[in-house]
Every structure is written in structure tokens, then in C-alpha cells.
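Participant: As a plain string of letters, each chain reads:
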Amino acid sequence: MITYLEAIREAQAKALRDDPRVYIYGQDVGQFGGAFKATKNLAQEYPGRVLDAPISEDAIVGSAIGAAMEGMRPIVEMQFADFSTVGFNQIVNHAATLHWRTAVPCPITIRLPSGGTAGGGPFHSQSMEAIYAHYPGLIVMAPATVEDAYSMLLEAVAIDDPVVFCEHKYLYYHLKAESLPTEAMPTGKARIARTGRDATIVTYSAMVHESLAAADELAAEGWEIEVIDLRTVKPLDTDTVLASVARTGLLLAVGEAFPWGGVTAEILARVASEGFDLLDAPPRRLNAKDTPVPYHPNLWGTHRPTARTISAEMRDLLRR
Amino acid sequence: MITYLEAIREAQAKALRDDPRVYIYGQDVGQFGGAFKATKNLAQEYPGRVLDAPISEDAIVGSAIGAAMEGMRPIVEMQFADFSTVGFNQIVNHAATLHWRTAVPCPITIRLPSGGTAGGGPFHSQSMEAIYAHYPGLIVMAPATVEDAYSMLLEAVAIDDPVVFCEHKYLYYHLKAESLPTEAMPTGKARIARTGRDATIVTYSAMVHESLAAADELAAEGWEIEVIDLRTVKPLDTDTVLASVARTGLLLAVGEAFPWGGVTAEILARVASEGFDLLDAPPRRLNAKDTPVPYHPNLWGTHRPTARTISAEMRDLLRR
Amino acid sequence: MLRPMASTAEFPRAHTELSATEKTFLQAYRWMLLARVVEEKLASLYRGGKIFGGVFLSKGQEALSVSLGISLRKRDIFAPLIRDQAARLAFGEPLLDCTRTYMGSRLGPMRGRDGNVHRGRPAEGILPMISHLGAMIPTVAGALMARRFRGIQGTVGATCIGDGGTSTGAFHESLNLAAVERLPLVLVVANNQYAYSTPTTRQFACRDLVDKAVGYGVEGHSVDGTDLLASLQVVGHAVERARAGHGPQLVVASLLRLAGHGEHDDGHYVSPGLKEGALGRDCLKVAEERIIDQAWATREELALWHEDAQRQTEEAVAQTLREPLPDPSQEDWCSLASRHLSEG
Amino acid sequence: MLRPMASTAEFPRAHTELSATEKTFLQAYRWMLLARVVEEKLASLYRGGKIFGGVFLSKGQEALSVSLGISLRKRDIFAPLIRDQAARLAFGEPLLDCTRTYMGSRLGPMRGRDGNVHRGRPAEGILPMISHLGAMIPTVAGALMARRFRGIQGTVGATCIGDGGTSTGAFHESLNLAAVERLPLVLVVANNQYAYSTPTTRQFACRDLVDKAVGYGVEGHSVDGTDLLASLQVVGHAVERARAGHGPQLVVASLLRLAGHGEHDDGHYVSPGLKEGALGRDCLKVAEERIIDQAWATREELALWHEDAQRQTEEAVAQTLREPLPDPSQEDWCSLASRHLSEG
Ligand SMILES: Cc1ncc(C[n+]2csc(CCOP(=O)(O)OP(=O)(O)O)c2C)c(N)n1
Ligand SMILES: Cc1ncc(C[n+]2csc(CCOP(=O)(O)OP(=O)(O)O)c2C)c(N)n1
Ligand SMILES: [Mg+2]
Ligand SMILES: [Mg+2]
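Chains as they are written, first to last, in this note's numbering: chain A, 102 to 421; chain B, 102 to 421; chain C, 3 to 346; chain D, 3 to 346.
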């Protein structure tokens with residue numbers, strides 16, 4: 102069995118093995134193997150290519166951009182997604198604009214350990230995918246499965262553009278698979294995680310699992326819910342979403358991030374403008390609450406969507 | 102006649118005059134009066150209360166938060182909105198979370214000279230309102246008129262929460278009014294900038310004027326277009342938007358920012374989920390293109406929505 | 003809320019013969035002891051699964067930390083960092099704030115919304131840290147600007163940072179800003195030789211972090227952070243200098259953290275040479291030895307104080323355990339002070 | 003694309019008797035002259051409404067700038083800043099890149115997408131700046147890391163920053179990172195006494211910016227930036243030290259910008275005392291005087307070189323004016339290199 106976290110480690114090992122242009126840079130990623138052990142043993146196995154960085158997110162990303170211009174393919178690990186705010190300028194204004202301005206590609210991968218866990222609190226729990234997706238020039242991935250964590254990270258490193266790779270900390274240890282995949286869906290293509298004909302849930306990352314659990318619950322009540330795992334949020338696979346809504350007529354978009362203008366807003370906007378007539382009822386969305394992510398599990402469990410709140414919302418939609 | 106820019110100066114003068122807790126901090130805001138002259142003569146008129154800051158956006162915002170905790174009401178001027186990315190962490194993680202975490206208010210106003218102008222280029226043209234609106238704990242204003250520039254800035258300073266004040270550089274000199282207002286609409290309330298019964302344009306800031314021009318054009322063709330100026334994008338006045346769509350049945354949301362997940366996505370998501378049955382046709386949106394903001398006016402004029410592209414889109418919607 | 007030193011075991015009569023410095027030393031020692039004891043308790047609660055999220059100990063850093071806390075005055079401003087339990091106590095943070103925040107009590111200052119070391123009472127001058135290292139430095143600077151604007155004199159503002167935290171842009175921007183404004187800011191750098199697992203060789207290349215002072219135009223001080231007496235003197239002096247109008251003070255202490263980065267970490271990466279060397283001394287033991295050597299107190303008194311610290315700790319934990327946890331249904335889920343503007 | 007010094011007016015025969023240093027001086031002088039002339043032209047085009055956005059002159063800073071450009075080698079990495087027209091020319095940036103970028107020619111390296119000083123040719127080691135001050139320093143550092151990873155030896159990476167730019171977190175984080183990695187980075191600080199309108203007293207409190215070097219563990223150098231000879235020596239020496247493996251080099255030059263921040267600004271805030279003092283000397287004049295004093299060239303030769311610079315400038319502008327402007331209908335409006343992933 103291999104975990105989501107191990108898959109991320111294995112993808113990086115493979116990238117280092119197969120491509121001499123790859124190196125890893127981030128706080129404590131070297132001998133220590135990273136705060137979450139996503140780079141465990143890689144410094145030992147690939148000497149000189151997995152480097153501990155000072156606590157300087159802005160300079161870390163800036164240096165990765167310079168290295169990319171000179172032909173490397175850096176993987177940057179942020180210790181937590183939340184700390185990428187300190188490297189924000191280099192990500193959105195430098196990495197994202199480079200190719201458009203100069204025609205020189207900027208193939209960097211920025212790994213963001215994302216999302217909430219019990220006891221994480223306001224500054225170790227954030228989901229920043231919507232923020233990065235807003236900026237032209239970035240690709241934003243948010244894998245929900247062990248297989249995707251592996252193959253999408255390999256893709257991220259191979260892509261000639263800056264990729265913000267939102268890996269979910271809650272899935273690190275919770276999610277296991279039999280083995281690593283040998284094939285993968287193309288980047289930018291969403292996956293139907295569960296087929297159904299009564300309604301569509303569009304979601305990504307950890308919320309895929311909450312949504313699947315909700316679908317299970319509803320199945321017991323006789324409803325067949327389709328669950329779409331976006332995989333990448335930018336580009337966002339509108340076609341797959343529309344095709345599903347065409348089948349079901351009902352849409353619920355679910356995200357773990359803050360409600361204003363997140364991925365779910367983008368989904369609803371697209372479906373409303375491009376698939377209006379496919380809808381049998383007003384589309385809905387479910388997000389975290391509009392407060393920082395709370396520390397105590399009692400609050401955290403209510404702050405973010407869960408199988409229970411998703412199924413409740415869906416039940417309401419089905420019985421409209 | 103008073104310009105939008107002068108209104109901003111006057112609002113700051115009044116705030117300094119009326120409230121000893123107010124001070125202004127930012128690069129070149131002192132003797133020099135600011136890069137755009139928004140603080141012209143204020144250092145002279147209010148000695149010791151309008152301070153030049155070092156080129157340290159992160160520390161500038163951080164210091165404003167500390168001063169607010171100690172009872173002050175700082176106004177921070179960013180030289181350009183684009184440079185707020187460097188102070189991003191303090192804005193979204195510190196100012197925005199403070200009251201929720203501690204019950205102590207954080208009354209700071211961050212002025213962002215925003216939006217595109219001819220020759221501004223990728224780093225002096227950005228519209229960041231959607232980025233800030235995503236974060237819980239911030240209020241985001243984007244005044245479109247001289248009157249609002251004045252009264253909303255006064256409101257921003259008076260509000261007990263951090264306000265991101267997106268003032269549009271293109272409007273600085275272009276927009277003039279007879280006099281300053283003595284009354285103002287409440288914060289959070291949208292304004293019907295033009296009434297109409299055939300379709301609704303929801304927009305804000307400089308795009309209000311492009312939309313009004315588009316409405317003029319269409320009026321010549323016999324269409325009556327309602328134009329809603331959101332004024333604040335967070336909170337977003339869904340009620341006024343829905344009421345208008347209820348009257349017209351057609352919605353076009355227009356924004357100058359990048360297309361993925363901007364204000365227009367939020368508008369469409371709200372109307373689709375809360376006003377689905379009011380819509381006679383799929384709602385639409387028009388944004389800037391998904392590239393950085395180009396330098397040359399030839400490109401810039403095509404990158405952002407204009408009266409011409411708005412009227413074309415609206416015509417298409419009307420003749421669907 | 004700032005409490006005087008609460009204790010059942012008062013100084014024995016003989017202590018009236020002690021000098022002021024000696025009394026301060028003993029008082030500081032007792033805060034250190036209380037910090038050590040409460041953190042040991044937190045560690046054991048953590049191991050027992052009673053605490054969500056991380057537990058961050060200051061073991062080995064109490065002498066430095068307490069020196070700052072005890073040198074500040076009631077109306078000063080203080081933004082503690084992760085390893086400042088001792089300073090918090092000495093500055094006046096109630097012990098219950100610690101247990102309540104770690105354990106998520108609804109009655110704690112953060113009401114379960116934020117946890118562990120992310121606590122404070124801004125209205126009483128204790129600024130609650132956000133996690134982003136360096137972020138509290140400009141905030142203290144701004145609080146000092148506010149005091150100046152308001153004509154309040156004699157305030158000192160203090161905060162701490164680790165060797166790793168000196169690499170942040172925030173450290174630089176804010177120390178520079180404070181120097182330009184000539185603010186009474188005391189910035190204590192606890193160079194405990196590691197930032198999480200990262201040794202100083204991968205963090206900076208200067209000979210000594212105190213060499214940064216000249217580049218900001220601020221006064222710099224070095225101190226052996228394992229030595230309470232030295233720490234009290236040097237940190238106390240820096241606080242006095244700031245209060246007397248000599249602008250920002252940078253204090254760089256050398257020491258070692260005698261625990262993992264957090265309780266999830268065994269700190270195996272710490273070099274044995276460092277642990278066995280002078281920096282590896284336990285500041286609490288060093289202080290204890292001095293007390294005994296100088297006969298400022300007896301072993302029996304020390305034992306009493308230890309019991310007292312344990313009793314206070316047990317009481318705080320017991321009380322916290324009796325308190326209500328946050329209840330999502332009673333939350334208003336509103337981020338704004340201006341409730342009417344909330345989109346909640 | 004890096005061109006040798008293109009010129010119709012070659013050194014007269016007598017110059018074969020000049021030492022290498024003297025020849026370098028003359029060559030540097032000619033780049034300075036060309037920079038001055040082209041920027042004067044840009045200013046006049048700006049006044050004529052022919053340029054959108056800002057025009058930023060380096061008047062008074064050409065000696066420092068050219069010293070860096072001329073000290074670098076073809077395969078080095080260079081990220082120029084706003085006032086580096088002379089360095090760009092000396093490093094090999096075609097004059098047309100300047101006029102094309104300012105005037106938005108579709109044939110320029112930025113194709114009208116970015117403007118004025120935001121230009122470069124990353125493939126040829128000229129990194130195009132983003133506006134955010136300090137942001138190019140880590141980028142050069144990273145480019146040097148790449149060279150090291152790839153086993154390419156002998157590269158130097160250089161970039162510039164103003165007195166104001168030293169206050170950015172980016173400056174700090176990246177100089178520190180470069181020091182930790184012991185990269186061959188040359189960071190030239192042009193302390194022209196103002197950041198836009200802000201005097202150094204509101205920007206930093208250290209005695210001299212070069213005092214920052216010790217706090218990073220890098221070598222520091224000071225130089226009078228109005229003096230070409232001194233600048234060539236000091237900057238050249240710093241570049242050599244970096245190339246020889248002595249780690250990052252911080253060069254701090256004192257000078258004054260003899261123009262507004264941009265051409266929209268009259269620089270009225272600059273103190274008359276400074277303008278009249280030693281820093282207010284025009285480096286071009288100072289260099290000229292030295293040339294004449296030392297008889298390295300005659301006034302007639304100087305006049306010829308000036309004519310040559312004017313001719314080159316006029317040719318570049320004339321050619322640029324003939325070139326197509328960007329055409330929105332021919333734009334792909336695609337930000338990504340992976341076009342198939344574009345949402346365009
Ligand atoms: C900006 C930022 N980046 C990363 C982190 C994650 N982080 C938390 S503590 C830590 C190490 C801190 O080391 P140091 O400053 O030396 O303090 P110490 O833990 O040794 O007391 C890191 C990297 C953070 N909190 N903030
Ligand atoms: C991070 C950031 N903040 C603000 C600005 C706006 N800005 C552009 S140039 C300038 C002044 C720069 O002064 P200095 O670094 O001394 O360089 P000089 O113009 O004197 O050459 C400022 C504030 C910017 N470009 N980047
Ligand atoms: Mg440390
Ligand atoms: Mg300057």
C-alpha cells in the first residue's frame with residue numbers, strides 16, 4: 102500500500118532520477134526529508150539536488166524562476182500553503198508573467214501542502230487554489246487521489262509553465278492505494294469519480310472524498326449522484342462538467358476554500374453561462390465559512406463542508 | 102470642478118482634520134504628496150501625521166496593524182495596487198484575521214491605486230479586488246464616481262475593519278464632479294447608475310463608465326440597459342442585483358480584472374443560484390483577457406473590456 | 003488582568019537580605035520553572051492525545067525568554083513567539099491563557115479559534131502572533147508608532163525571533179523601519195542553532211547575527227542565553243536603552259533548544275557536539291546551581307517552588323478541562339467587527 | 003546577439019599606445035555617452051507624446067552602470083534595473099532593444115507587451131526586470147544556482163538596486179540566500195540619495211549602506227559613483243572577486259541622479275546642497291575632463307564620438323518608427339508555453 106504522501110515522494114524521486122534538470126528547494130527538505138516527509142531520503146539518494154532553504158519564501162521562488170530561465174526544473178516545497186503568501190509576488194507577478202513577456206518558459210513546480218486538518222488553525226490550513234488560478238500564466242493542480250498525486254506531480258514537473266501544486270495534507274496519510282499508476286489522464290481533464298444520473302457534484306481535492314461519502318449516503322436513499330473530480334482547477338475542464346450536468350440536470354459545486362470567488366464560483370459561472378439550459382434547478386455551491394479556518398476540531402468540522410453537510414445540501418437540491 | 106483624485110485627497114484631509122487617530126503612511130506620501138498627488142499638501146497641513154515610508158510594503162501594512170491595535174486609524178497608500186503583493190501576507194493573514202481571532206478591531210484602510218492606463222504595463226495596471234475579496238475579514242471597495250471616491254473613503258476610515266480601497270487610476274483625472282457630496286449611500290449598497298428594462302449590466306469602478314457608454318450606444322438602437330455600480334465588491338449587494346435582474350431578465354457582468362474567478366464569477370454564481378428563475382437567458386460575463394496587462398495601448402485597449410466590446414456582447418445577448 | 007506573581011510559597015524571610023538583582027534572579031527563576039513545568043505537562047497531554055495540533059516547547063530557552071518578560075513593564079508592548087512561555091508568564095499572561103488556548107477552551111482568549119502559541123491579549127499589550135515568521139516585528143513597531151502619535155511616553159515594544167526567522171523579508175523591512183523611526187523596539191534573536199532541522203550554516207553566512215545591527219544602524223548586544231544572570235543583564239540593559247530613547251536594540255542570544263521543534267519531532271538532527279558543549283547546558287539547571295552556590299535559596303526552597311509550579315499547572319489544567327469547548331452552533335461565523343457588513 | 007562595440011568612429015591610431023585600463027576607460031566613456039544621448043532622445047520623444055508610460059533616465063549614474071556592464075563577460079548573467087542603460091549597452095544589449103521597447107515596436111524583445119525598462123533577453127543572460135524592487139536579485143541568484151547545477155564554471159551574476167530598494171524584503175532574503183549558497187553574485191547599490199522623493203534619512207538609519215555587508219557575511223565595497231575610473235576599478239574588482247569564488251559582493255556607490263525619478267518628475271525635492279556638492283558632479287563631464295587632462299583623446303575625438311552616438315540614436319529611433327506596432331488581432335492572448343492548456 103502506498104499513501105498519497107508517499108506517492109508525492111515517489112514522483113519527486115522519479116523526476117530526480119529521470120531528469121537532471123530537476124532539483125528540490127525548500128525549508129527542511131534536505132537531510133530531514135521535509136516537515137511532512139515528502140522528500141524523505143531524497144537528499145541522501147540525490148546528493149546536491151535537494152537543498153535546505155533559508156526561511157525566505159520570496160527568495161526561494163525568485164531563485165527558482167532564475168534557475169528555470171537557465172534550464173532547470175525546480176520543485177519548490179512550501180512548508181505550508183499558507184506561507185506562500187510571503188512568496189506571492191514572485192509567483193503571481195514573475196513566474197506567471199515570464200513566458201508571456203519573454204517567450205522563455207518558466208517550468209517551476211510549487212508544492213503547497215494545503216487544506217485543513219484538525220488543530221491546524223488559521224495559518225496552517227488554507228486552500229489557496231482560487232487565488233493562484235485567478236492569475237494568468239499559472240496552472241493550478243489539486244489532486245484528490247494517490248494516483249493523481251503521483252502522475253500529476255510528474256506532469257507538473259514536465260510542463261513548461263509554472264504549476265501551483267495544491268496537495269492536501271488531510272489526504273497525506275489517510276489515503277492509500279495498492280500501487281502507483283503507470284498511466285494517467287491528461288492534464289486539464291476532469292475525472293468522473295462516481296457516475297450517477299440524479300445530480301452532479303463538482304469538486305476537487307479532499308472534498309472529492311467528502312462528496313463520495315455523501316453520495317454513498319444518498320445512494321442508500323436511492324439517489325445516484327455523479328461526482329466529478331476536477332483534478333486541475335486551472336485549466337478547468339468545463340466540457341466534462343457540462344456533459345455531466347447535461348445528464349443530471351442538477352449541480353452542486355463543493356470546495357474547501359473561502360466562499361467569495363472561489364473555484365465553486367467559477368464553476369457556477371461557467372455552467373450558468375455555458376450550460377444554462379441543461380439545468381433543471383438553480384445550481385448550488387457549498388464552501389467553507391467566511392471566516393479564517395478555526396483551530397479547534399469542533400469548529401473546524403463545521404467550518405468546512407463535510408459528507409454530512411454535502412448530503413444535506415444535495416438532499417435539499419434533489420427535493421426542491 | 103473636483104476630480105476623483107482630488108476627492109480622495111479631500112477625504113483624507115477631512116479624516117485627518119476630524120479624527121486625531123488618523124495618519125497616512127506610504128512611499129512618498131509626505132512632502133511630495135504621493136506619486137499621484139493623492140496626499141498633496143497633507144503633510145504640510147497635518148505635520149507629523151503623513152509619513153514617508155521606506156520601500157517595505159510588508160512592514161508598512163504590519164505597522165499599520167500594530168498601530169490600529171493601539172487605537173489609531175491608519176491609511177496606507179500603496180504606490181500601485183500591484184505592489185500590494187509584497188504586503189499580501191500582512192493584509193490577508195494578519196489584518197483580515199485579527200478581529201475574528203481576538204475580538205480587537207483592525208481599522209486600517211489600504212488604498213490601492215488600481216486598474217489599467219495606457220502604457221501602464223503588466224505591473225502598474227492590476228485590479229486586485231477579487232483577490233482580496235476572497236479572504237474573510239476584509240471589506241473591498243471600488244468606487245466609480247467622484248462622490249463615491251470621497252464618501253466611501255471616509256467610510257473606509259470610519260469602519261472598524263480593514264478596508265481594501267481600490268481607487269481607479271484611469272478615473273483619477275478623467276472624472277470630474279461639481280462638488281463633494283454631503284450625503285452618501287450606505288456601505289455595501291449598490292447603486293443603479295442607469296435605469297433600464299431590457300437588460301442589466303453589473304459592474305464597478307472604471308467599467309461603470311465603459312458600461313454607461315455602451316448603454317448610451319445601445320439606447321441609440323432602442324435598448325434600455327440598466328447599469329448597476331456595485332461600489333463595494335465585498336460585501337456584494339446581491340439584493341440590488343437580483344432586483345434588477347428580476348426587472349430585466351438578462352445579466353451581463355463586466356470586470357476589468359482577469360477572468361478566472363473574479364468579481365464577475367461571483368456575480369454570476371449568486372444570480373444563478375439565488376435568481377435562476379429571474380433569468381430569461383444564460384447570464385454572461387466580460388472580463389479582461391487571461392494574460393498580464395499589456396503595455397502598448399494597442400494591446401491594452403483590446404485586453405480590457407471597453408464600451409465597444411460591452412455593447413457588442415450585450416447586443417448579442419439581447420438578440421439571442 | 004496582569005497579575006502579580008501568584009504563589010503560595012513566598013520568599014522565605016532570609017530573602018529580605020537579598021539585593022534587588024538577586025531577587026529578580028529568583029523571581030525569574032521561578033517563572034522559568036513554571037514555564038518548564040507547564041510545558042512538560044503540555045507535552046504529556048500531547049502524548050496522551052489531549053491536544054490537537056502542535057506543541058512547541060521552550061526547553062533550554064527559558065532563561066532568555068524570562069529575561070525579556072521580566073524586563074518589560076506593565077504598559078509595554080510584547081509580541082511573544084513560539085518559545086516564550088517564560089516571558090509570557092513574567093509579563094503577566096495568566097497561566098490559564100496557555101492551557102486554555104492549547105486545549106481549545108471556549109473561555110480562553112482565542113476561544114478555540116486559534117491555538118497553542120497563537121494567543122495574546124492585544125488590549126493588554128500582548129500581541130498574538132500569526133504563524134508567518136517575522137510578521138510580528140512590524141506590528142510591534144506600528145504599536146510603538148501609535149504610542150508616539152498618542153503622546154504616550156516611556157513605552158518599550160519587544161518581540162522575539164529565531165535564527166531562522168532572521169532570514170525573512172519581514173525581519174529586514176521592519177527592523178529597518180523601526181530604525182528609521184527610531185522606535186523603542188527590542189528585538190531578541192534566539193539563535194538556538196537550528197530552524198526546525200536546518201542548521202545555521204544553511205540559514206546565514208555572517209559570522210554572528212549581531213553583526214547585522216550595524217547595517218540597520220541599531221545597537222547590538224550578544225549574550226549567552228543559557229546563563230540567566232547574563233541574560234537578565236543584557237536584555238535588561240537593552241530594554242533600558244530602548245526606553246531611554248536610543249532606538250531599536252538587537253539582542254542576539256546563543257543557546258540550544260533542548261527539545262524537538264515541536265513535540266512531534268525528536269530533534270535527532272541536532273549535532274551531539276552542540277548538545278555536549280556549552281550551548282547544551284540546561285539554563286534552568288545553570289540558574290539552579292547559581293542559586294545554590296550563592297546561597298540565595300536552599301534546595302528545600304527550590305523543591306517547594308517546584309511543587310508550587312506543579313500545583314499551579316495542575317490547577318490550570320484541571321480548570322481548563324472543566325471548561326466548555328467551543329460550540330459551533332454558538333459561533334457567529336462572522337469575521338468582521340462591523341457585523342452588519344458581514345456576508346456570513 | 004551580443005555585439006562588439008559597433009561604431010563608425012574607431013579609436014584613432016594614437017590610441018594603440020594606451021594601456022588596457024585606459025582603453026577600457028574610453029570604451030566605457032563611449033557607452034556612457036551613447037546612453038546619455040539615447041536617453042535624452044527618449045526624454046524628447048516623451049515630451050512630444052511619442053512614448054506611453056514612463057521614461058526613466060540614468061543621468062548621473064552612467065559611470066557606475068557602465069562599470070558593471072563592461073566588467074561582465076558575454077556568458078555572465080545580468081539583471082539591469084531602471085537606471086542601467088549604460089550597463090545594458092556595455093553588456094551587449096542592442097540599442098534597438100531600448101527604442102523598440104520604449105516605443106512598443108512589435109519587433110522588440112517584449113513585442114509591445116511590456117515597456118520601457120522592463121526588457122531583456124533571458125536566453126542571452128539579460129534578465130528582464132519586473133517592477134517590484136528587489137525581485138530580480140533572487141532571480142539572478144537562482145540563475146547562478148542553475149549554472150552550478152549544470153557544472154558551468156566561471157559565471158558571474160550581477161544586478162543593481164537603489165538606496166530605496168535596499169529596504170525591500172526581497173533584497174534581504176536574496177542577498178542572504180546568495181551568501182548561504184556562496185554564489186558569485188555582484189549586487190551594486192546605487193545610492194543616489196533619493197528613492198523617488200524620499201531622502202535616505204527616511205529610508206535607512208545605518209551610517210553607510212555598505213555596513214550591511216558584514217551582516218550577510220559578504221564582501222563590501224564603497225565607491226564614488228561620479229568617478230568612472232574609481233567605479234571601473236571597484237566594480238571590476240568586485241566582479242573578479244565573485245568570479246574567483248569569494249562569494250557575493252556588495253558594492254555601494256554614492257552619487258546623485260541628475261534627473262527626475264522619471265520624466266514626469268522635475269526632482270524639485272533634491273536638496274540644493276547635494277546638487278552643488280561632490281555627488282552632484284556629472285559623471286560624464288568628470289570622465290570627459292579626465293580624458294582631456296590625461297590626453298587619452300582630443301576634444302575633436304570626443305566631438306566625433308558624440309556625433310556617432312547621436313547618429314546611432316537617430317538611426318535606432320528612425321528604424322523603430324518604421325516598424326509595425328503590436329496588432330491585437332495578431333496576438334494569441336495566451337499566457338502559457340503549453341498552449342494546449344490555455345483557457346484563453
Ligand atoms: C514565513 C514562514 N515560513 C515558514 C514557516 C514554518 N516554520 C515554522 S517554525 C520554523 C522554523 C523556525 O526556526 P527559528 O526561527 O530558528 O525558530 P526556532 O523554532 O528555532 O525557535 C519554520 C520554518 C513559518 N512559520 N513562517
Ligand atoms: C516593491 C515596490 N514598491 C514600490 C515601487 C514603486 N517604486 C518604483 S521606483 C521607486 C523608488 C526607487 O528608489 P531607489 O531604489 O532608490 O532607486 P532610484 O529610483 O533612486 O534609482 C518606487 C518606490 C516598486 N517599484 N516596487
Ligand atoms: Mg532556531
Ligand atoms: Mg535612489
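These are computed hints drawn from the structure, not numbers from a lab. Wrong hints could be hidden among the right ones.
List of simulated lysine-lysine pairs, DSSO-like, C-alpha gap at most 27 Å [stated by the list, open to error]: (1) D/Lys61 / B/Lys115; (2) C/Lys76 / A/Lys138; (3) C/Lys277 / A/Lys138; (4) C/Lys52 / C/Lys25; (5) C/Lys287 / A/Lys138; (6) C/Lys287 / C/Lys277; (7) A/Lys115 / A/Lys138; (8) D/Lys76 / B/Lys141; (9) C/Lys61 / C/Lys76; (10) B/Lys290 / D/Lys76; (11) B/Lys141 / B/Lys290; (12) A/Lys141 / C/Lys277; (13) D/Lys61 / D/Lys76; (14) B/Lys138 / D/Lys76.
Chain B regions said to be covered by chain D (calculated; three or more residues, Cβ under 8 Å) [what the hints assert, rightly or not]: (15) 320-334; (16) 363-377.
For every residue, glycine included, the Cβ atom is placed at its ideal position computed from N, Cα and C.
Participant: Does each hint hold? Answer for all of them.
Facilitator: Hints and how they fare:
For a cut-off of 27 Å, the pair hint linking lysine 61 of chain D to lysine 115 of chain B is broken: about 40 Å separates their Cα positions. With a C-alpha separation of about 43 Å, the suggested pairing of lysine 76 of chain C with lysine 138 of chain A is violated against the 27 Å cut-off. With a CA separation close to 25 Å, the supplied pair lysine 277 of chain C and lysine 138 of chain A stays within the 27 Å bound. Between the alpha carbons of lysine 52 of chain C and lysine 25 of chain C the distance comes to roughly 37 Å, so the proposed pair goes past 27 Å and is violated.
Taking the CA atoms of lysine 287 of chain C and lysine 138 of chain A, the gap is near 35 Å; set against the 27 Å cutoff, the hint is violated. In summary, the hint linking lysine 287 of chain C to lysine 277 of chain C is supported, as the alpha carbons are separated by about 15 Å, within the 27 Å threshold. Distance check on the hinted pair: lysine 115 of chain A and lysine 138 of chain A sit about 16 Å apart at the alpha-carbon level, within 27 Å; holds. The hinted pair formed by lysine 76 of chain D and lysine 141 of chain B fails the criterion: a straight-line CA distance of about 47 Å is larger than 27 Å.
In summary, the hint linking lysine 61 of chain C to lysine 76 of chain C is supported, as the alpha carbons are separated by about 25 Å, within the 27 Å threshold. The suggested pairing of lysine 290 of chain B with lysine 76 of chain D is violated, with an alpha-carbon distance near 60 Å, which exceeds 27 Å. About 30 Å separates the Cα atoms of lysine 141 of chain B and lysine 290 of chain B, which puts this hinted pair outside 27 Å; it is violated. Pair hint lysine 141 of chain A plus lysine 277 of chain C holds up; C-alpha atoms about 25 Å apart against a cutoff of 27 Å.
The hinted pair formed by lysine 61 of chain D and lysine 76 of chain D meets the criterion: a straight-line CA distance of about 25 Å does not exceed 27 Å. Proposed proximity of lysine 138 of chain B and lysine 76 of chain D is contradicted: the alpha carbons are some 43 Å apart, above 27 Å. Under the rule that three or more residues need a Cβ within less than 8 Å of chain D, the assignment of the stretch 320-334 of chain B is violated, with 0 such residues. Under a criterion of three residues with beta carbons nearer than 8 Å to beta carbons of chain D, the stated coverage of the stretch 363-377 of chain B fails, only 0 such residues being counted.
When each numbered hint is compared with the structure, violations occur for hints 1, 2, 4, 5, 8, 10, 11, 14, 15, 16.
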